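**Student:** For reference, the chains in residue letters:
There are 2 protein chains.
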Amino acid sequence: MDYSPKSKKILGKASIGDRVVVHTDGKKYEGLLMPKYSENPDTVTLKLDSGYTIGLKPDRITVVEKSGRGKPRSSVKRSHDSSKPTITILHTGGTIASKIDYKTGAAYPAISPEELSDAVPELREIANYNAKVVFQMYSGDMEPDHWKILAEKVYDEARNGVDGIIILHGTDTMAYSAAAIAFMVQKLPIPVLFVGSQRSSDRGSADGPMNITCASKFIVKSDFSGVAICMHGTSSDDYCLINPAVNVKKMHTSRRDTFRPIDVKPYAKVWQDGKIEMLRNDYIAKDMKKEPVLRNGIERKVAIIKIRPGITHKELEFYKDYRGIIIEGTGLGNAPVTVLDKYTSHHAKLLDTMKKLSKKGVKMFMVSQCPYGKVNMNVYAYGRMVQDAGIVPLSMTSEAAYTKLIWALGNFPKQVEKIMLENFCGEIIENIKADTFLI
Amino acid sequence: MDYSPKSKKILGKASIGDRVVVHTDGKKYEGLLMPKYSENPDTVTLKLDSGYTIGLKPDRITVVEKSGRGKPRSSVKRSHDSSKPTITILHTGGTIASKIDYKTGAAYPAISPEELSDAVPELREIANYNAKVVFQMYSGDMEPDHWKILAEKVYDEARNGVDGIIILHGTDTMAYSAAAIAFMVQKLPIPVLFVGSQRSSDRGSADGPMNITCASKFIVKSDFSGVAICMHGTSSDDYCLINPAVNVKKMHTSRRDTFRPIDVKPYAKVWQDGKIEMLRNDYIAKDMKKEPVLRNGIERKVAIIKIRPGITHKELEFYKDYRGIIIEGTGLGNAPVTVLDKYTSHHAKLLDTMKKLSKKGVKMFMVSQCPYGKVNMNVYAYGRMVQDAGIVPLSMTSEAAYTKLIWALGNFPKQVEKIMLENFCGEIIENIKADTFLI
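Going line by line, the protein sequences match chains R and A.
Taking my numbering, I'd label the letters of the first sequence as residues 33 to 471.
Taking my numbering, I'd label the letters of the second sequence as residues 33 to 471.
By construction, these hints were calculated from the structure, which means they are not laboratory data.
Honestly, I wouldn't trust all of these hints.
For chains that are exact copies, the list does not tell them apart, and a pair is met inside one copy or across any two.
Stated by the list, open to error - Okay, derived cross-link-like pairs now, DMTMM-like style, lysine to aspartate or glutamate, Cα gap no bigger than 25 Å in a straight line: (1) 98 with 353; (2) 297 with 467; (3) 98 with 331; (4) 301 with 62; (5) 219 with 309; (6) 374 with 188; (7) 219 with 454; (8) 352 with 154; (9) 98 with 314; (10) 381 with 353; (11) 381 with 91; (12) 392 with 97; (13) 301 with 255; (14) 60 with 188; (15) 180 with 373; (16) 60 with 347; (17) 60 with 50; (18) 321 with 74; (19) 333 with 373; (20) 446 with 184; (21) 41 with 255.
Quick caveat: nothing in here was measured; it's all calculated off a predicted structure.
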């Protein structure tokens, strides 16, 4: 974490967290002195009032002046401009709104909505913003109950006549939450975009500012309505992708372009310069007169089980008092139910347990642990056996299937299978275009 | 499944499964009459003795003669050519060796090794083959006990002086089995290639013949040793990829290029014309004098748990008598352990259960449910809490981590953590090159 002796010398009495003015050859930068983040311990890192972080080489620094201690200065006055659209920012937490604890180096979700919009002053050129704090948490801690609360807020805001909603959210479970909101709040008159970041605002590669800016531009310039995710489309800062909430996965632990569309095309590219490139036209157009529908009942006793070599019937049996189970099968949607030798004799019990749970009324659906591709349980003999045991194939991401089952059981407990097989917002993959693999 | 009336008329008395000679304008094709597979019910499908399947338009067919019923003719005499290398084919089953049941349309693993090598006559130009049946099963049914048996066969063959081993295997759990063999049989003097297919041999798009041919050419022409997977590299028939056994995932339920390298580059491309393009040089060169090491102990009480919004401590508690658990966390390796409100109060119990199981000696390791990227549990506060509860971060695919834990507990029960953190064959991802995402 520490700067090199060379850099320490040039920094003089300024310490991490201080507000400083750094003079380099010909230029002057004012901002907060940050801990070193680059590979090179020489590079002096400064967080500017714009929210962007820069690295400066000590050789080029002439003077460092301390100018205070504390927060970046709030440089832009907030005033409502009635010629501009209005966007509500619902703040749930996550890296996009996190601070670094300089003692431990770990990040905490703690920035206020005001601090955040101050950090990206260009937003004020695009729209008026209402910022509301719904939660202050990492998305890895989020529960289905939080989706329920968030859905209510989205519903309320959508009925309040705003032009769009941005939900700031951690990336870990964003694919679950976005799908949940898509099911819970249907017939949305406006766009609702989940926005997160993979790098905290203290880092030079912070993606939050561009993701929020692109989301705002997309809300203001396009005629899209419904729930989508707006995040980096590549590892550079060239464009963001608007991906459908129900067909997306977090594919990489740290890359900024982690959210990829699964078996579909993204709705649009939003280029950094503000150009919107629509890639699909099968969305419902924005219509401020439309009345959204809120159905945010949830069923908490729902599980995901991943099939693996060595799985036992007891693991499935554990969920006998659950109301629904998403099974992540292998390949086209397979599970080990064939008895061939002494090592597979226990497979008969897995099949029996499936039958037993089905009979008991546990709703079970099969998705694949392969991220891409449709499920087809008619190709192989064991797929048919599993279907006969009451498990219904579902060509859907595991994230969408799980949230949909929680929602279906919570709102339509008597028609779960019908609802699960009805395509509400593109969650069921019907025809896969060839060029949607690994994009 | 049925042919159109137009095609039925031209087929006359020939029925599905019959050996027929089809005369078209200027050409004559002999083979088995197959059920219709193309979208067009007119197209007459014929499986030739070469193993390839062709579609013929009825307008161009002049005469169809029945020439018998039954298997394709074994057209090539088998004789040992001492000028050629020798490859052992270990047959475990899977689509690559499956037959279609024409009544139900479902596929069964039933073709004998002899039938299979007859189906791809060009193999005999490359090498001499010994074919041995180890199992006749779909890989979705495979148990860790089968890895143990397969490892023994690989070890025996590798010591027998053959130039390479091809393991025909279903694709569903191939990533698990390939990793298991890589851990169980180390210091291999020769290449051991897992080969499967995504389309059965009855279909025009069958990938099995090209995958086996490319694997054979790679064994004969390259100086590679160790365990890898050889499957289609694209959805066309242009090249196969040789992917490391321990860094691969089945990424698509049905595409032929389903196996993708995760966070690494493939070792090589093998072009259909036989050209080998090496992409890495960090493998151990073939050395027939090397003595392989067999360590095929297994521990059956090992599980994978996938973290999700709504997971409860009871699900982890269920595994208290297991010896090892791979936890698929969200993002960088997170789990819901922070208590923030009444909906997250049960998170304290999850953390307590982690601690309890750790103390009891259950070995727990954290991977990510994101397919790509390293795990890092130092970035966020909850990652640190989970580490403090005894869970060790592991930058490895879930498939490799699970098989490695079964193997580590089965062979080195007193040094599990040390073994899990030692990089045996590239399974631990250290530095990720930028161009390895989604290739």
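**Student:** Could you run down the list of hints and mark each one as holding or not?
**Tutor:** Against the structure, the hints come out as follows:
no. : hint         : verdict
1   : 98 with 353  : neither (63 Å within a copy, 59 Å between copies)
2   : 297 with 467 : both (8 Å within a copy, 22 Å between copies)
3   : 98 with 331  : neither (55 Å within a copy, 61 Å between copies)
4   : 301 with 62  : neither (34 Å within a copy, 52 Å between copies)
5   : 219 with 309 : within (24 Å within a copy, 53 Å between copies)
6   : 374 with 188 : between (59 Å within a copy, 23 Å between copies)
7   : 219 with 454 : within (16 Å within a copy, 53 Å between copies)
8   : 352 with 154 : neither (53 Å within a copy, 53 Å between copies)
9   : 98 with 314  : neither (55 Å within a copy, 51 Å between copies)
10  : 381 with 353 : both (18 Å within a copy, 20 Å between copies)
11  : 381 with 91  : neither (71 Å within a copy, 53 Å between copies)
12  : 392 with 97  : neither (72 Å within a copy, 56 Å between copies)
13  : 301 with 255 : within (14 Å within a copy, 45 Å between copies)
14  : 60 with 188  : neither (46 Å within a copy, 71 Å between copies)
15  : 180 with 373 : between (48 Å within a copy, 14 Å between copies)
16  : 60 with 347  : neither (63 Å within a copy, 57 Å between copies)
17  : 60 with 50   : within (16 Å within a copy, 85 Å between copies)
18  : 321 with 74  : neither (57 Å within a copy, 51 Å between copies)
19  : 333 with 373 : between (35 Å within a copy, 20 Å between copies)
20  : 446 with 184 : within (24 Å within a copy, 52 Å between copies)
21  : 41 with 255  : neither (55 Å within a copy, 54 Å between copies)
In this structure, the earlier hints numbered 1, 3, 4, 8, 9, 11, 12, 14, 16, 18, 21 are contradicted, and the remaining ones agree with it.
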